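Asker: Sequence:
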Amino acid sequence: YTKELRGTWEMTKAFSAGPFNAYAIHNADSGSIIYVTVFVLAPGSEKRDMMLQLDYIIKNARLTSEVPGS
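Sequential numbering of the sequence shown, starting at 1, is according to the numbering used here.
Be a bit skeptical, because a hint or two may be false.
Under the rule of at most 35 Å between Cα atoms (straight-line distance), these lysine-lysine pairs were calculated in the DSBU-like manner [said to hold, decoys possible]:
id, residue 1, residue 2
1, K3, K47
2, K3, K59
3, K47, K59
4, K13, K3
5, K47, K13
6, K13, K59
Calculated from the structure, these hints are not laboratory results.
No experiment lies behind these values; they were computed from the predicted model shown.
Sequences are here, hints too, so could you generate the full structure?
Answerer: Encoded structure:
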């Protein structure tokens, strides 16, 4: 299963804010839960397309127990 949380973040005493997505992904093979958080800091820029790209990367990633190079 995967749980998803979407929202906006902001820094106190700074003029920075933006969108974030946080995921809790259950790895059925190992029984572990993997937490992934993505956010965008791009003052003065449209953030929608950046968030869509980050969502695509996370949602199309595949979990593996293999260690690269072994």
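Asker: All the hints need checking, so say for each whether the structure fits it.
Answerer: Here is what the structure says about each hint:
no., hint, in the structure
1, K3 <-> K47, "holds (22 Å)"
2, K3 <-> K59, "holds (12 Å)"
3, K47 <-> K59, "holds (18 Å)"
4, K13 <-> K3, "holds (31 Å)"
5, K47 <-> K13, "holds (22 Å)"
6, K13 <-> K59, "holds (34 Å)"
Against the hints set out earlier in the document, no violation occurs for any number.
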